[in-house]
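*Asks:* Those protein sequence lines, which keep their order, are chains A and B.
Quick note on my numbering: the first sequence kicks off at 1 and runs consecutively.
Quick note on my numbering: the second sequence kicks off at 1 and runs consecutively.
Everything labelled a hint here was simulated from the structure, so no lab data went into it.
Watch out, some of these pointers could steer you wrong.
Unchecked claim - Just a few of them, taken from the derived set where beta-carbon distance is under 7 Å, the chain A residues facing chain B:
#, residue
1, Asn-14
2, Ile-18
3, Asp-115
4, Glu-118
5, Asn-155
6, Asn-198
As the list claims (entries may be wrong) - Some but not every residue of chain B turned toward chain A, in silico, with C-beta under 10 Å:
#, residue
7, Leu-3
8, Ala-4
9, Lys-5
10, Ser-259
11, His-262
12, Gln-265
13, Gly-266
14, Ala-267
15, Arg-270
16, Arg-271
17, Leu-273
18, Leu-424
Keep in mind that this is a model prediction, so the values were computed, not measured.
For each residue, glycine too, the CB sits at the ideal point set by N, CA and C.
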Amino acid sequence: MSTTIIETGGLTRNYGDICALKPLDLKVPEGEWLSVMGHSGSGKSTLLNLLGGLDRPSNGSLRVGGEDMQGLTEDGLARFRREFVGIIFQQHHLIPYLTAVENVMMAQYFHSVPDEAEARLALERVGLGHRLKNRPSELSGGEQQRVCIARAIINSPKLLLGDEPTGNLDHKSTLMVMELLKELRAEERFTIVMVTHNPEVAAWGDRTIYLDDGILVREERTRS
Amino acid sequence: MVLAKLAPHLLSWAGIVLAMGRGFSGRRSVVAAGAIVGFPLGVAGACLLSRAYPGDFSFAIIRDIVGGSFLLLWGGAVAAIYSSTVREFPRSWGERLANSPFCAGAVALSSGMIAGAISACRLVGTYNTLPPFLLLALAASILALAALAVERALAASFPVSHSGLMASVVALLLFSASSIIRLDLFSPLTMKLMKFSHDFVHQFFESMLIPDHLFIRTYLWGYIGLLFGNGVGFWGALILWFTPAVLVALAIQWERLPSVAHIRQGAQRRRLLATGIRARRFRLVIPVLAMVVLAAAVYRSRFPSVEYWDPKPLPISASPSGDIFIPKKGDVDLEDGKLHKYLFKQGGREARFFVLMTPAGKLTVDLDACAICKPDGYGQAEGTVICYYCKTLIPLETVGQPGGCNPIPLPFTEKEDGVHIDGLTLLNMWGTNAQSTARVKGGGK
Ligand SMILES: Nc1ncnc2c1ncn2[C@@H]1O[C@H](COP(=O)(O)OP(=O)(O)OP(=O)(O)O)[C@@H](O)[C@H]1O
Ligand SMILES: [Mg+2]
């Protein structure tokens with residue numbers, strides 16, 4: 001676990017006058033589970049979007065998986081998103097008129113070609129083998145989020161990003177989702193960066209960083 | 001001016017070179033050399049040929065060569081289908097040959113020669129001096145180099161398979177040929193098929209089925225008539241025309257994808273599969289383009305952009321003894337090499353015929369109709385007369401000889417001052433002919 005998967009140097013993101021992310025230096029070794037905490041508006045989502053290639057930095061350097069994100073073209077960025085990262089949001093962003101399997105197959109389709117058998121298997125792995133043909137509206141919040149996890153990892157990403165994935169879930173569902181993530185990480189060995197407001201959730205990670213007004217103010221290792 | 005006339009030929013030439021540069025990847029210089037040598041050779045060859053055999057024969061030779069390349073494409077397409085569907089096809093041997101510089105050079109040279117010969121045919125007859133031909137060869141060389149430069153700039157993810165290359169080159173040659181009506185292959189193909197079905201139906205049905213069976217006869221003829229129609233020739237020819245390109249496309253579509261079953265990780269397996277599928281899709285572009293080019297060739301063959309000399313039949317009458325006399329130097333000059341049509345009416349019957357001076361300098365008088373088509377008559381263009389019904393081109397040299405879709409020759413006597421035709425013979429010949437073709441076609445003009 002010596003290679004660095006994320007390395008930023010003076011990473012900045014401005015929205016007009018607002019400086020959402022002040023120059024930030026961060027290193028994440030491969031395989032780490034990093035939790036990101038901070039007040040609302042402190043720049044957590046901004047950071048996550050930059051790491052996932054959804055947004056481009058205003059300034060500074062950003063290397064993810066050895067790739068210089070500043071140097072990537074739009075096509076390169078799209079390929080990076082497709083093949084390197086998986087993202088889970090607070091809102092599930094599932095397609096409402098497609099079933100669970102079809103939602104997972106959609107991610108396969110955008111990556112390469114759909115493979116229904118593999119999509120079923122992925123849903124079985126997250127414990128949804130019995131809800132394959134249900135639409136998102138017919139699933140509970142926790143189940144929806146598990147579909148999202150299946151969707152996020154179906155293309156074997158090296159980096160899994162979560163933006164408050166448990167924000168809408170009750171305590172029990174949250175535990176279930178976290179347990180699942182832990183299992184999957186043990187098998188697939190991906191790196192996790194997860195934004196959360198919940199200290200209990202943050203404690204699942206190896207390390208937590210705290211942002212305040214776009215500045216990294218503190219970091220601590222989780223004792224395990 | 002000259003270049004505008006040559007535009008379709010030069011365009012297809014550029015397409016041919018581009019396809020060859022892609023198809024023989026890594027052999028650009030050989031392709032360039034073959035193309036640049038081949039084209040002028042073809043131009044020179046066509047010029048020599050037309051000098052040695054003035055008239056239709058030189059065109060017929062070049063047309064046969066183009067037809068030969070079409071047959072080759074048929075062979076290649078069948079081979080491609082075979083190799084894509086049969087397991088364990090010994091591909092290494094053929095593929096090594098196709099990838100050799102020798103093959104690239106030979107293909108470039110021969111397609112250059114054919115393309116050059118076709119383009120030269122556009123100029124033969126109109127121009128008798130050297131400069132236009134030199135200009136043609138020069139333009140072709142420049143275009144070849146430009147096409148190769150464009151090819152180099154094209155994305156690498158756009159491969160052309162060997163069968164695709166063959167389809168595109170032959171399609172472009174056919175397109176180039178189709179804009180010269182004497183080289184066009186599609187309308188002779190239509191004609192051949194029509195004649196075939198005509199002969200077949202005659203022999204088969206008339207000799208075997210319809211001896212004297214009164215009941216069968218009338219109603220069967222209604223169906224048999226279908227087999228005679230222009231439709232059979234046209235649709236049949238369309239099928240023959242497009243099948244090779246379709247086969248090539250199918251062969252690519254049926255190619256087996258890289259085997260991925262052994263790859264455990266789903267994402268990696270799917271990515272490999274997707275790459276294979278994408279490559280196959282790209283390789284399909286070429287045969288599909290070839291089909292478009294073939295369709296364009298059919299269009300040009302059906303609606304040639306040449307101007308027909310299409311004279312209105314002049315009314316003419318006979319002397320009381322039934323003799324029709326047309327003076328050689330009257331209102332029209334019979335010996336000017338153009339088609340002169342006349343309409344003869346007598347006693348409620350009528351007949352159309354024409355007088356024409358062949359390139360050999362002999363006058364000929366013929367019905368404005370042939371033995372097999374509906375009597376729509378003929379027009380004249382580029383050293384040929386064309387049957388308006390079936391679009392067959394009849395070289396001027398052979399007008400006056402009976403057979404096929406040639407105009408039916410009329411007996412006449414040529415005197416010092418004009419030609420004499422017997423009115424009654426004319427009416428009878430027209431009558432018999434129009435009746436027979438009308439029976440078949442369900443109504444003449
Ligand atoms: N697209 C945008 N345009 C302008 N300002 C933006 C944009 N996105 C975010 N901001 C601003 O940047 C700052 C940081 O926003 P960000 O979404 O990163 O906060 P956050 O830490 O994720 O907050 P929350 O916990 O509420 O999700 C905020 O002040 C926000 O208003
Ligand atoms: Mg946020």
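*Asks:* For each hint, tell me whether it holds in the structure or not.
*Replies:* Verification of the supplied hints:
1. Hint on A/Asn-14 is violated. Least Cβ distance to chain B is approximately 35 Å, over the 7 Å limit.
2. Taking 7 Å as the C-beta contact cut-off toward chain B, the hint placing A/Ile-18 at the interface is violated, the least distance being around 37 Å.
3. Hint on A/Asp-115 holds. Least Cβ distance to chain B is approximately 6 Å, under the 7 Å limit.
4. Annotation: A/Glu-118 was flagged as interfacial toward chain B, and the flag holds, the nearest CB pair being 4 Å apart, inside 7 Å.
5. Annotation: A/Asn-155 was flagged as interfacial toward chain B, and the flag holds, the nearest CB pair being 4 Å apart, inside 7 Å.
6. Annotation: interface hint on A/Asn-198 violated; nearest CB of chain B at approximately 31 Å, more than 7 Å.
7. For the restraint placing B/Leu-3 at the interface with chain A, the shortest Cβ-Cβ distance is roughly 40 Å, beyond the 10 Å limit, so the hint is violated.
8. A least Cβ separation of about 41 Å between B/Ala-4 and chain A goes past the 10 Å threshold, and the interface hint is therefore violated.
9. At a threshold of 10 Å, the smallest CB-CB gap from B/Lys-5 to chain A is about 44 Å, leaving the interface hint violated.
10. Below 10 Å, beta-carbon pairs count as interface contacts, and B/Ser-259 has none with chain A, the closest being about 15 Å; its hint is therefore violated.
11. This hint is violated: B/His-262 has a C-beta 15 Å from the nearest C-beta of chain A, more than the 10 Å allowed.
12. Proximity of B/Gln-265 to chain A holds as hinted, the smallest CB-CB distance being about 6 Å (cut-off 10 Å).
13. Among the interface hints, the one on B/Gly-266 holds; its C-beta lies about 4 Å from the nearest C-beta in chain A, closer than the 10 Å criterion.
14. Interface restraint check for B/Ala-267: the shortest CB-CB distance to chain A comes to about 4 Å, inside 10 Å, so the restraint holds.
15. With its C-beta approaching chain A no nearer than about 4 Å, B/Arg-270 sits inside the 10 Å limit, and its interface hint holds.
16. Because the closest C-beta pair between B/Arg-271 and chain A is about 5 Å apart, less than 10 Å, the hint holds.
17. With its C-beta approaching chain A no nearer than about 5 Å, B/Leu-273 sits inside the 10 Å limit, and its interface hint holds.
18. The beta carbon of B/Leu-424 comes no nearer than 79 Å to any beta carbon in chain A, farther than 10 Å, and the hint placing it at the interface is violated.
Checked against the numbered hints above, the structure violates hints 1, 2, 6, 7, 8, 9, 10, 11, 18; every other hint is satisfied.
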